[in-house]
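**Student:** Take the given structure of chain D and dock chain B to it, following the hints.
Sequences listed follow chains D and B, in order. For the numbering used here, add 367 to where a residue sits in the first sequence, where the first one is 1. For the numbering used here, add 604 to where a residue sits in the second sequence, where the first one is 1.
These are calculated hints, taken from the structure and not from any lab test. Note that CB positions come from ideal geometry on N, CA and C, so glycine has one too. Only true hints are included.
Once the Cα atoms are required to be at most 25 angstroms apart in a straight line, the calculated SDA-like pairs of lysine to any residue come out as:
#: 1; chain 1: D; residue 1: 438; chain 2: B; residue 2: 662
#: 2; chain 1: D; residue 1: 507; chain 2: B; residue 2: 665
#: 3; chain 1: D; residue 1: 438; chain 2: B; residue 2: 699
#: 4; chain 1: D; residue 1: 438; chain 2: B; residue 2: 652
#: 5; chain 1: D; residue 1: 507; chain 2: B; residue 2: 677
#: 6; chain 1: D; residue 1: 438; chain 2: B; residue 2: 689
#: 7; chain 1: D; residue 1: 507; chain 2: B; residue 2: 697
#: 8; chain 1: D; residue 1: 507; chain 2: B; residue 2: 682
Here are the simulated distance ranges between beta carbons:
#: 9; chain 1: B; residue 1: 686; chain 2: D; residue 2: 531; range: 19 to 29 angstroms
#: 10; chain 1: D; residue 1: 424; chain 2: B; residue 2: 661; range: 24 to 34 angstroms
#: 11; chain 1: B; residue 1: 683; chain 2: D; residue 2: 537; range: 25 to 35 angstroms
#: 12; chain 1: B; residue 1: 707; chain 2: D; residue 2: 691; range: 33 to 43 angstroms
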Amino acid sequence: MSRFLFVSLPLAGHVNPLAAVARELERAGQEVAWAGSEAFLRPLIAPGQRVYPIPLRAHRGGAERGLASTKSRWEGYIVPHARVTRAGIRGAIADFAPDVLAVDQHAVAGAIEAHRHGLLWATLAPTTMELTRPLRTFPKVEAWILDQLAAMWSVAGMPGLPPHDLRFSPHLVIAFTGAALVGEAMAQLPANTHLVGPALTGRPADPAFPRHWLDEGRRHVLVTVGTLAADMSGTFYRRAGAALRPLGDRLQAVVVAPDGAMPDPPEHVLVRPRVPVLELMPRLDAVVSHGGLNTVCEALAHGVPLVIAPIRGDQPINAAQVAAAGAGIRIRFDGARPESLRDPLLTVLEDPSYRSAAARVARSLCEAGGAAAAARHLGALAERGAGSPVLAGGNHSENE
Amino acid sequence: MTARDFGTTAAPVFDRDDESRCADIAALLRESLGEDRTWPADLGPHTRLDADLALDSLETAAFAAALRQHHGDAADLLAYIADLDLDALITLTIADVARYVADRLAAGGDRSAPR
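For reference, chain D alone in the conformation it holds in the complex (with noise of 0.2 angstroms):
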């Protein structure tokens, strides 16, 4: 048996896929627990996992967008996140000595406090944001997110330069994403790195759902964008109310959305604020959705198309992909007229090749393992780990 420290971020998009993965690891008979905000982490994680707690704000996405929500991602946030936790995840590693430390690819401390301790540490990817390095293309923008990196590590105490991209571990990258997806990006990815596709179990049921409002003589669309700064989802839903309007012959669309964030909502369209996405999945026709990873690829592991409006961070890359694979269509986010909407969603539910192509990807994203798969090879470090008595490089005090 051996221990994982999980660290992850406040967001549940993050939190998700890491929680299945701890899950796995105690069904399999391994000791698991995390270090970061309790409130937070409680309600998404197995009851009984230990947690370390780190006081932490919820992450509120800001209005950023494009590169503007890169830089203030990592000057507002990650950089932010990485100094506060860092003492936590300190106090998390003495206390439950761990054998391998689980570490979202934005929490940055876990993989210096992992350097620090001479520690095995797996970087787990909830998103593709850096996954593929898609800001290789701007070298200069590359170069800032490594001297990111570097004073982070700096200020940790440690000594000289990062010994690699602190984004990327070098005993394992786990993704959650597929070979089906990434496509030709695949040669980007640290020979490392394995892909397991969504990470799919135990997410709490919903009963309060009306799940007798489905009428099944009518297709199904799921309209979700995440969590946004009101600004920008108060005309996206106003959009989307104008789209399926006049749509109710043919289908029935179930909304995530705030109270009140879609005004007088006709009456094949159903406005929920939480919605059992999983649930719902095999029963649904099509998904408009912003391109959160979470999302496409629980949408595509269940054969369901999509029609996604990227915003920002990893969903424009997602959109491709899926647009690449033939499994959805992608449109802008501020498309002005109601038909930019509602014509590419009629063709997605009318034209059986956006169906089959999903299909194709649904079946390599299941093949990859899901959550049971990453457990497998974060056991699997552990006992190399095992194998090999002292890692190079730890042991560093911190000067502060």
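**Tutor:** For chain B alone, coordinates are given in the frame of chain D:
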């Protein structure tokens, strides 16, 4: 109207003043993204490609291809932005693109321009 139709009606863009040049670049951008005139209503010289329009890499590539088609291979937007740093990329405006295209054409790039 196709992108090609637009190019013939708008050329030559590089003899006009800045504002008109920017309007042509903005129209080309709108065409290359397949958006109509209502998107966005206030596309102007100071509109930022990244922060305001959130052009992603595919859209930027489509825009760059449209620029090359209309102004020749010298108007290589992708080569231009590959050398910019993060802040310059975030603040890149339609006016910056118009100025870059005009500079490249003035430097003799018009030899390779079609038509």
